[in-house]
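S.K.: Listed below, chain by chain, are the residues.
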Amino acid sequence: MYRYDEFDHAFVHERVAQFRHQLQGRIDGTLTEEEFRPLRLMNGVYLQLHAYMLRVAIPYGTLSSVQMHKLAELSQRYDRGYGHFTTRQNIQYNWPKLRDIPDMLNELAEVEMHAIQTSGNCIRNITCDPFAGVADDEVEDPRPLAELIRQWSTLHPEFSYLPRKFKIAVTGSPQDRAAVYFHDIGLRIVRNAAGDTGCEVIVGGGQGRTPVVGKVLAQFVAKSKLLAYLESILRVYNLHGRRDNKYKARIKILVNSLGLDEFRREVELDFASPGGHHPDLDESELARIEQYFAGPAYLRLPAHNARLAAALATDPAFGHWYKQNVMTHKVPGYAAVTVTLKNPGGIPGDATAAQMVALAELAERYSFSELRITHAQNVVLPDVRGDDLHRLWQALGEHGLSEGNRGLITDIIACPGLDYCTLANARSIPIAQTIAKQFSDPQRQREIGPLTINISGCMNACGHHHVGHIGILGVEKGGQEFYQITLGGDSSLSAQLGERLGPGFSANEITPAIEKLVDYYCEHRSEAETFLQCVRRVGVAKFKDVLYANYT
Amino acid sequence: MPIIRKGIFVSDHWHECALAESVHHHRDCIVPFDGWIESRARGSRTGEAGLGILVGPQVCAESLQDFDPQVQLVVIEFSSAGDGRGFSLAGYVRRAGFTGEMRARGPLTPEQYPHLTACGFDTVEVPEELAQRHGELSWRRCFGAYPNRYQSALGTRASIVQQRVGDMDSRAAQRGEELV
Numbered sequence: 000m001y002r003y004d005e006f007d008h009a010f011v012h013e014r015v016a017q018f019r020h021q022l023q024g025r026i027d028g029t030l031t032e033e034e035f036r037p038l039r040l041m042n043g044v045y046l047q048l049h050a051y052m053l054r055v056a057i058p059y060g061t062l063s064s065v066q067m068h069k070l071a072e073l074s075q076r077y078d079r080g081y082g083h084f085t086t087r088q089n090i091q092y093n094w095p096k097l098r099d100i101p102d103m104l105n106e107l108a109e110v111e112m113h114a115i116q117t118s119g120n121c122i123r124n125i126t127c128d129p130f131a132g133v134a135d136d137e138v139e140d141p142r143p144l145a146e147l148i149r150q151w152s153t154l155h156p157e158f159s160y161l162p163r164k165f166k167i168a169v170t171g172s173p174q175d176r177a178a179v180y181f182h183d184i185g186l187r188i189v190r191n192a193a194g195d196t197g198c199e200v201i202v203g204g205g206q207g208r209t210p211v212v213g214k215v216l217a218q219f220v221a222k223s224k225l226l227a228y229l230e231s232i233l234r235v236y237n238l239h240g241r242r243d244n245k246y247k248a249r250i251k252i253l254v255n256s257l258g259l260d261e262f263r264r265e266v267e268l269d270f271a272s273p274g275g276h277h278p279d280l281d282e283s284e285l286a287r288i289e290q291y292f293a294g295p296a297y298l299r300l301p302a303h304n305a306r307l308a309a310a311l312a313t314d315p316a317f318g319h320w321y322k323q324n325v326m327t328h329k330v331p332g333y334a335a336v337t338v339t340l341k342n343p344g345g346i347p348g349d350a351t352a353a354q355m356v357a358l359a360e361l362a363e364r365y366s367f368s369e370l371r372i373t374h375a376q377n378v379v380l381p382d383v384r385g386d387d388l389h390r391l392w393q394a395l396g397e398h399g400l401s402e403g404n405r406g407l408i409t410d411i412i413a414c415p416g417l418d419y420c421t422l423a424n425a426r427s428i429p430i431a432q433t434i435a436k437q438f439s440d441p442q443r444q445r446e447i448g449p450l451t452i453n454i455s456g457c458m459n460a461c462g463h464h465h466v467g468h469i470g471i472l473g474v475e476k477g478g479q480e481f482y483q484i485t486l487g488g489d490s491s492l493s494a495q496l497g498e499r500l501g502p503g504f505s506a507n508e509i510t511p512a513i514e515k516l517v518d519y520y521c522e523h524r525s526e527a528e529t530f531l532q533c534v535r536r537v538g539v540a541k542f543k544d545v546l547y548a549n550y551t
Numbered sequence: 000m001p002i003i004r005k006g007i008f009v010s011d012h013w014h015e016c017a018l019a020e021s022v023h024h025h026r027d028c029i030v031p032f033d034g035w036i037e038s039r040a041r042g043s044r045t046g047e048a049g050l051g052i053l054v055g056p057q058v059c060a061e062s063l064q065d066f067d068p069q070v071q072l073v074v075i076e077f078s079s080a081g082d083g084r085g086f087s088l089a090g091y092v093r094r095a096g097f098t099g100e101m102r103a104r105g106p107l108t109p110e111q112y113p114h115l116t117a118c119g120f121d122t123v124e125v126p127e128e129l130a131q132r133h134g135e136l137s138w139r140r141c142f143g144a145y146p147n148r149y150q151s152a153l154g155t156r157a158s159i160v161q162q163r164v165g166d167m168d169s170r171a172a173q174r175g176e177e178l179v
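Chains as they are written, first to last, in numbering that gives the first Met the number 0: chain S, 0 to 551; chain B, 0 to 179.
Chain B extracted, bound-state conformation:
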């Protein structure tokens, strides 16, 4: 399935397999969440390559923590475009301190791209048919949509509120200078 990064269709090197299988791979592997949790509980190590974790929409949000450095990718699945659980799950992953790549997978539309990036997703993976129908141009156009948002602390840019406060501070500073 095509991957979109910064509004551009890119190819992907990740390989999907069961956890047991991943041990024998020298490639980066995406493994199911349940298997990963179990192996962590047993203290058993997987292979040397990078690990990606596949998180379904029903995964218990509180268990999304303690990502060891081997985990370089978290894939959060959306069962449909209207299933918004992934937007909240993403927050748990980021709040747990995960700084690697976070990917949304499912039948998502370019219109949802600004929401996804604001929730901390880096890449989106959509079914082939959808990618073809919407086209790269739509994704690229939506990548830059809504540069300013009202919500704070989601995504990287300062929110409108933060910009307003900054604006007021700088205006106050200017007035201060004029007085001097």
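Chain S extracted, bound-state conformation:
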């Protein structure tokens, strides 16, 4: 993975010193709260319902074991012994004291981490396929480009005061595991007819109040021109995006109001403008970054592993986990393992300090000291030998991390909701907990098969409810929490927004309602048909009728 050089080190340390000074300015009154707010936000510091929250960037979801140890340490020293992994591959600390935050940032800088631009109206943490570099279906590893974009977007002088936040995702695989159609800019690495790799550029996707599937702006942009092209998009947005209404300020609104063709014309006009200060990509710089992602020293292993086969034959519980949580690796004999942070009854995405330490140690022992965070709020050990899988699974079990539910109904994505967030209208976490408990029987989960439930506590859709096969949106009506259900959402390449079924359910009614939908699917599916396939075949209306039959 990427390692800082002296420039990167100097940069993050300067940023920490600057934030320490800004905080001092807030304390001594030279900075008003209004002035301090954008400054703290650009450094990942939010004011939540009960406390400040620090959001630490995990660029494109990649972590070393040393960094994971540090995250655990910070949670113990400055927080309440846990951290929350988010849908943007970041980690949030919910209870730090404001005066401690510069020290936390300083400790993070020691392990090449930061909280730069994890909030604010700027370019946010770049997200990526969590299986980048190890998936066997990839055109190219997207991380070098993601790192390049991270550096380019860091404190970009022209684009630090945008109309609204700006999210970029990169994937290198034809299978979209980075939700590129639901970002302000989504990049898909593709190969053109000449055999060169470049990016398909998707623009104007997003969730929130106005969910939109992104549109293809350019079918192929050469890597050498990518940053220049991104600058042109950002420039058009910075000048023309709405600033009068924060709910209409995202680029998707601009793209929709101009129309894709007119937006493209504006971008290309800027892109072609003579004397532009477009940074052509320096090839030696990309090569420098690429060498960090060359991959660990894999051994030459047989594709078939006798020890693994024996364990699978004798330990059915392990077999279930293996089937659900282990992905094929591009290197024979290795596997990519998903560790879900989704114990039914737990808080989706939360990990205790002890669990973080365990994950770091297991990564050291079994996965070349590397980990990934996924946008489904899980952890990946990307490079595990087949003959280590059984031992790894047993070790995970000692820390409550061996749930074999990746992609199943209890692998719920949920935002922090009204338990923490000032924006939320309703709680998300208790709903996730109740649903997961209701479906906790592993046998039943496997019978139901692939099904994602995504829960957001408000319209801002941090829990990605629009793209859950079942989406749940918390709303407030007359001081009471209600939950609306959407159906048929999909964040993969067959991207689709879920359709809202009808009036909301109370917190007590929502789990039985989900049960009804699942039961209907189980009764009416044709053989081997997944929930999403069934919804698409049968139609959302049918599910709606079932849900609201006898509804008063």
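What the hints contain is simulated information worked out from the structure, not anything from laboratory work.
Just so it is clear, CB atoms sit at the ideal spot from N, CA and C, and this is done for glycine as well.
If a hint is listed, it holds; no wrong ones were tucked in.
Residues of chain S clear of chain B, computed beta-carbon distances all greater than 12 Å:
#1 P331
#2 L400
#3 R443
Computed footprint of chain S on chain B, listed as stretches where at least three residues anywhere in the stretch have a Cβ under 8 Å from a Cβ of chain S:
#4 71–83
#5 105–115
#6 128–136
#7 141–147
#8 159–166
Chain S is already provided as a structure; the job is to place chain B on it using the hints.
M.R.: What follows is chain B alone, placed relative to chain S:
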């Protein structure tokens, strides 16, 4: 309103007036952008003194070009600290070949100073109250902040990427020498 140049509060000699008025002045005058564009279209000349142009955040970026030599100052207004349009407008002005003084005007904070200079601004003009509260020291401290940036071709210093490439070139040269 106080002007900050290179981190220091300085006084200013520019006088603000309508374009028609500027003809009669022998002092350097800042005039509104619209009037300037119109007079240019009519081919009418203004007075002999230096001309400054006041550019609002809504000005069409493409019209920021063809600055005649009389134009010595471009003032770009920021409606608030969060209104980042001026950072992009500045790029258009510089790319159009304008080499005179470029000034940012608005309720900006010292924290934004490094961004402003990197986008090609020479001076910043802030409301009196803000200047007093933040103080000259804050502006001076922020003037030198972030000497190294990742972005190329903005501001005058070589970017981190350019320095890295230079560094690699010089290391390669050193290795070459050792081999010889």
